Amino acid sequence: MRSVGVLVTLFMVLALFGPLLAPYEPTQINIPNRLSPPNAEWLLGTDALGRDILSRLLHGARWSLGLAFLVSVIGLCIGTFMGLIAALGGKLADWIVMRTTDTFLAFPDLVAAVVIAGVLGAGTGSLIFALTVTGWMRYARVSRGIGLSLQTRGYIVQARLAGLSPFAIARWHYLPSLLPSLIVVWTGMFARAILGISALGFLGFGVQPPIPEWGTMLLDARIHMRSTPLQMIWPGFAVVICVLAINLTGDALRDAVVEQEHKD
Amino acid sequence: MLSVDQVFVRRGAALTLQDVSLSLAPNRTLAVVGESGAGKSTLISAVLGLVPCTSGQITWANAPVRSCRRALVLQEPRSAFNPRLSLRRSVMEPVVAQGKAADPARLDTLCRGLEIPPDLLERSPMQVSVGQAQRVGILRALIAAPPFVLFDEPLSALDAVTQKHTARLIAELQREEGFAALIVTHDLGYAAAFSDDIAVLRDGRIEELNASQAFVEAPQTVYGRTLRDAAFALGALERVA
Amino acid sequence: MIRLIASLFLRAVVVLSGAALATFALLWHAPGDPALAIALARYDAMVTAEVVDQVRAQSGLDAGFWPAFQDWIMPLLVGDFGQSSVTGRAVWPELVTAISYTMPLALTGLLIGILISVPLAVVATQRPGGWLDRCAVALASIGAAIPAYWLGLLLILLFAVQLGWLPAMGARSPAHVVLPALTLGLGVAASFTRILRSGILEARGQPFLPAFRRRGVAGRDIERDHVAPHAAIPVVTVFGLELAFLLEGAVMVEVIFARPGLGSFLVNAIEARDFPKVQAVVILAAVLFVTVNLLIDLIYRALDPRIGERDA
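Protein chains in written order, with this note's numbering: chain A, 565 to 828; chain B, 65 to 305; chain C, 86 to 397.
Derived by calculation from the structure, the hints in this document are not laboratory data.
Since the model is a prediction, treat every value here as computed from it, not as a measurement.
For every residue, glycine included, the Cβ atom is placed at its ideal position computed from N, Cα and C.
Don't take every hint at face value.
One-sided excerpt, in silico: chain A residues whose CB lies under 8 Å from chain B [to be verified]:
(1) R717
(2) A723
(3) L725
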């Protein structure tokens, strides 16, 4: 759990303060020096409009990482809520929630996100909606599963008997046991959101220019693939590093959680 | 007065309880004995109002049992507590849930009655012994002064010495608090020594219902006699000379 | 058993109905006036208010949600996917053409993925924790973090631009399928290697296996009769996920490599706001997905009799 905290803090710091480290404004156009390779002035070179790539990368972190964080947390809240309703609400509620989850799971999630973002019009709002709507289901399944298995625990029975409200029971007796597994799922979804945001950006359906989101940067770079191939490396590399870091942390977390569950 | 009136309970395809009738007055203890599979857990869930009756009714003072304060002491003491909360927090839950303020004097009295040292409540459930945990469980059951308390195999997880001790504490507290006690157990010795009446549950039906002493001396059914004789053989019950 | 199949089938039907409703609802609520968009696409500069109204009436867009939904779903149930709102031509034939381009790509990609991952996983698990095993895990982890579109671009850069060995754009020849399939295949290999590897290791760790070995059962027999079926379970489950990956990958890869296929069909339809086409692709993907997952669910239960009704 600690390593997730460290990682997330690192990413958030990068997203929030990265722009401060940026030597240039990401939208500062500089046509005479466009498409220059990495040199002393522009560490990673400049793009087609002469904008410093390093600065754009650093500013873009706020979008590629920050938005991904937001999207995955919203998904967590929605999904956990749905899962708890399914576990605690009785057979009908369970059936409704599970069929709804299955319905949303019937679509491959990136295809669905592309369709949603594309149809609702490009832009950050549709992006958030698209990725949230396609990303809450795993949390629901996990929290329902764990919730159901906790139903018969002694202290849950006691809480119900004592007349504790369903909200209080969920808050004090279910959530603490759900949290470890939910965080493991969340790391996977955070990584998926980063990939999703940049994929949609690459297709032109996501965050719009001139915002330096990494996917849209890749889209720009593609046009100049023959003249400045290096330009294509950096945004993709940024995505890979972040996703890899999150996945590795998620794996370590999953192992730790499984160990913990064995002890319980 | 707890009144269980011709209750049938269906679980899944089977009728787990059939035509069960009992009654229990304040300050009295009724022991329900039976083997595993006899329907004891279903009876507990039904009496607590956690499971609906397919037919018949269960009332306390002529009102549905769900509307009155009731409490449960579980067989496995530690699982009765949320491992992430302190014992104090768990103990006060019935009071907090009612929206009432905590009464430190009452807590103190009960702790003394149950021989619980004051600092024990600050610990987590995993940090106390099984015997201590069970006594804290009883504490939680009684904290909101419920008129009736249900005990589900309260002594089974304890060792022999602790069993006797805890049984005695429960009996003393009943004299002081005046609650009605329904004890579900497979231990006929415990039932005979600490309850006023014994009901024998078998395959979902009450085979026999009688005062404890009367039952031990002269069981009225073949099954009842089998149970009693087995208890004698095990030394769980002492023959009255 | 029949009951189980029936109930799973029924569940699939319910889910697909919900999916169809959701798809239609999404497109119904798309911003902008669809009649206007269609009219513009068809008649270009000659659009007036009357023309738009005419288009609206013709397309049944003025009828309200439920009638329009029925207009779509009823023909769909007998296999009629409607007409393109832009060209007026039937959707199904173009859809079939698109699928005929995507299928070879997806299958080749899947094949490449399996050809890489299966030997790798099997060999790596011979010595768990050894050099090859750790390499395999590292590569698989990195592979899982690489977005398909970036990988595709890198492959184009290396093999087409710098080395000139393979063609990049279009689908004119079999050689054109190599780079796109490789892009997909490497992605498949990355996740497959991990799942297969952990499946094999877990199957080997089953508690009753040492007893078999002590009694003299041959290693190969153990692998065949006890390790393989048990390891097959997560692998089978993953097939469902890989299908999703292939579909999504197809979208990205076809756009990058300028290949015709389901992916470009979808993206072009979205950009042209040709909703009947978009609906067709989405519902087709959903049907495919649900069916495959249903089959996997059944196979899963057949392979592991311990799995009861875990999911309501």
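- prompt: In ascending order, which of the hints set out earlier in this document are inconsistent with the structure?
  reply: Hint check: nothing fails, all pass.
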